[in-house]
Amino acid sequence: MKIVVLVKQVPDSGAERTLRGDDNTVDRGSADNVINEMDEYAIEEALRIRERAGGEVVVLTVGPERAGESIRKALSMGPDSAVHVTDEAVRGSCAVGTSKVLAAAISQINPDLIVCGAESTDARGQLIPHMIAERLGIAALTGARKLTVDGPALTIERQTEDGYEVVSAAMPAVVSVWDTINEPRYPSFKGIMAAKKKPVATRSLADLGVPAAEVGFDGATSVVVEHGKRPPRQAGNKITDSGDGGVKLVEFLASEKLV
Amino acid sequence: MAEVLVVVEAAPATGVKKVTLELLTIARALGEPSAVVLGAPGAATAVQDKLAEFGARTIYAVQSEDLDAYLVAPKATALADLITAVSPAAVLLAASQEGKEIAGRLAIKLGNGILTDVVGLDASGVATQLAFAGSTVVKSRVTKGIPLVTLRPNSVTPVPAPASPVLENVAVEVAENDKLARVLNRVAERKGSRPELTEASIVVSGGRGVGSADNFKLVEELADLVGGAVGASRAAVDSGFYPHQFQVGQTGKTVSPQLYLALGISGAIQHRAGMQTSKTIVAVNKDDEAPIFELADFGVVGDLFKVVPRATEAIRERRG
Ligand SMILES: Cc1cc2nc3c(=O)[nH]c(=O)nc-3n(C[C@H](O)[C@H](O)[C@H](O)COP(=O)(O)OP(=O)(O)OC[C@H]3O[C@@H](n4cnc5c(N)ncnc54)[C@H](O)[C@@H]3O)c2cc1C
Ligand SMILES: Cc1cc2nc3c(=O)[nH]c(=O)nc-3n(C[C@H](O)[C@H](O)[C@H](O)COP(=O)(O)OP(=O)(O)OC[C@H]3O[C@@H](n4cnc5c(N)ncnc54)[C@H](O)[C@@H]3O)c2cc1C
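Chains A and B, in that order, are what the protein sequence lines are.
Here this note's numbering is used: the first residue of the first sequence is 1, the next is one more, and so on.
Here this note's numbering is used: the first residue of the second sequence is 1, the next is one more, and so on.
Any given hint could be a false lead.
As the list claims (entries may be wrong) - Where chain B lies over chain A, by a calculated footprint (3+ residues, C-beta under 8 Å):
{"id": "1", "stretch": "135-142"}
{"id": "2", "stretch": "154-161"}
{"id": "3", "stretch": "165-173"}
{"id": "4", "stretch": "220-230"}
{"id": "5", "stretch": "240-249"}
{"id": "6", "stretch": "253-259"}
If you are wondering where the hints come from, they were derived from the structure by calculation, not from laboratory data.
For clarity, every value in this text was computed on a predicted model and none was experimentally measured.
Just so you know, even glycine gets a beta-carbon here, dropped at the ideal spot from N, CA and C.
Pulled out of the complex, with its shape left as it was, chain B reads as follows:
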């Protein structure tokens, strides 16, 4: 069976990202999954066990300090070289900023088509995309080269399939022309131990109705209680209540969790663009006419400052 390359994404604190496990799960339907770790020396051994658990047959350790020291260009070149060497049946990446950027460069290098933000990929290489705020389903296919796709997180359920992968070290030498954008510093901003927004199975979001940055504690408390991530509407972000990287919507993140809780969010079309493919939507809003109720599976018309603390308390009571 032909190899399918899965480009691994991992975070230092939390390890292999869930979307990578989704990719390995999809890859098994297309061929033999091989995981590609692009990073500094030691990156591959750190994630080896998890990749084995989800069925990687081979782990390509493409490691060099230079891969971390510059923005995506060296990673794209190293990946293109690997693709040329192993002729895979498909190449799968996460639809993260970096995943899309690597894939974009790869498409140009290889003269290959690219499908971004797919939510599904079948064995014949036909991908499903949800366009225009999730209102339109598009089936598409690469016609030049192999399927090169980026997958939106939370599109499939990762299924373990233990394997004993071979670790293959791949030599890299980074060309000067890939060293044009140097990363000088990486700065983490507050998030606590919460899951990443696009990967979380529960997202609790606050809108303008939350009223202040301080009041967002209410949103955070509920999120932490249910193990969720915190999101925000653009109005909440623009008002300085919450940082921009947590914005959900047309110009923010697209999330597709099991549960999306919208607190004090009206449900403007641009907000819906980022959350309407969530499995279950629950809304709390004091305006009976708020459009968010049109798509909520459960809605509470009421003051969030009364409803949310009571809900938080009720969850604690349930847990005893």
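Next up, chain A with everything else stripped away, as it sits in the complex:
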């Protein structure tokens, strides 16, 4: 079985993040860039499937050159190889464009299964899995907190607002996962050393047969008109409980007409 895991490099959600003033894209230069956290769970799930069913796991990333650091980190967890799509013309892509590039790269690899995170921590679109499935004409099982693979049959527990749904499909399919699905392994020293020698294929848009005009700023289907910082929230009144903290709290709520 051939499994592709989608890995996006994002600015660390634990630090301050900004958009650039010149072209409204994420300021990656000043950020500490990391693997999108949810994608580590996708990698782990793919590795567990490989352990049971055999086959290979290929990491796929669309992103600038420096995303290569995240690819090596992903490989140190255990995948076999990676494909890095990097092309100046991809910069500024909207989700429609990004999904086009991802779908083209996936078609070339021709996997049985695609595993990805349910959402990215920077844009939080939750769009890519269904967009890819729509483009490739394959099933999407999204928001999985549990995945069972039985031959070509896939069954997930899909997390919903008030519980879960059991959804099934046959491969080929896209499965997106939440962080409740497993506990990602830490890369071992051996894994880190091995990752340095694993093959990483670099692909340009031309290699994928995607016209540059259909992605990036040129092909974008939406545009950021302006952006700015919101003023940070101000701290209000703080009291120390000396027996009447609960009552004071309720007095505050009442004064704001909240109870």
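Model the placement of chain B with the ligands on the given structure of chain A, informed by the hints.
For chain B with the ligands alone, kept in the frame of chain A given last:
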């Protein structure tokens, strides 16, 4: 005036979701709102009155057992067909998991731009989004096709505008290629009669400081008393105190209620990502230095096991 399509979300128990009423309210500023009900037969009549109350001029009843039996793909196709038939001025959905997924497929089918998780949309089609944990305001616009947006719940106040909608049945035939992901079962997990987390006007959340699953009763009791939803920090979820679907934050739900009560939550940046656009924030924490106090409109430094029961009692006393 051009039609604006609003995709309806409803729950069997509680009816039309508040976010749908918000969408109808916004739609009125853009054109004539039409509600689209995508579901099993009978779904549209069940919600008709509410949609009328909030100004729907037309209700498109797009109904088939198949729309419920498979994951989003048939709904996206049916909606795309309707859009092609009526050429609306805009299409609005809820920024729920399903709303985003339908919109994503739609964008590909129609070659249309999409703006997700917007908190506002003006008459010229410019949307407001809050990025990076609510720290950045972004104004954006679709440049290819019509405005296709998903709205974050609790972004606007729903305003009634009674209308007498026409119910139009729309025939659907689901293609084999949209039947790839079959829903075998839907399972509800415990929630009681509480409002949905993202829609609630009050959210009472507990963190690691709550200490145990059993102690979460304290959080639930206060939430029920004020008609709120219960939320939890990731540490509380990871410790098994409360189920994951109630997690608030970067990797959980984004909430924007009138009141957010944080009990035993330190206020890590990833937690703040999910709640800092709340109108009023109140925190109880025994650590005077907890970062949650930096954004709390009212903070109590103290032991939540003393403060919360006393607050609960005080609310009961007030109500007599
Ligand atoms: C703050 C912000 C807001 C944005 N808003 C919009 C918007 O409203 N509309 C719009 O069209 N675009 C938007 N974009 C652009 C969009 O985020 C990018 O095109 C992005 O690469 C794909 O969307 P996502 O990150 O939301 O993916 P999601 O659908 O949230 O990601 C799901 C999974 O897809 C995979 N994945 C996503 N991107 C990549 C990648 N580049 N390489 C490998 N795997 C990947 C990962 O496994 C990820 O976990 C926004 C970007 C930012 C920074
Ligand atoms: C990529 C990533 C994504 C994340 N996503 C999320 C997310 O979605 N949501 C989220 O919440 N976190 C998220 N986190 C985790 C986040 O960084 C924090 O670890 C988490 O929010 C801490 O939860 P907490 O405040 O409940 O626990 P702690 O930080 O342990 O705080 C517990 C607090 O309770 C107080 N306390 C203890 N006992 C009492 C008492 N008796 N009375 C009053 N106060 C008491 C303590 O003083 C302390 O401040 C994420 C982290 C990462 C790296």
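Each hint, compared with the structure:
no. : hint    : in the structure
1   : 135-142 : holds (count 7)
2   : 154-161 : holds (count 5)
3   : 165-173 : holds (count 7)
4   : 220-230 : holds (count 11)
5   : 240-249 : holds (count 9)
6   : 253-259 : holds (count 5)
This entry satisfies every hint, going by the numbered hints stated previously.
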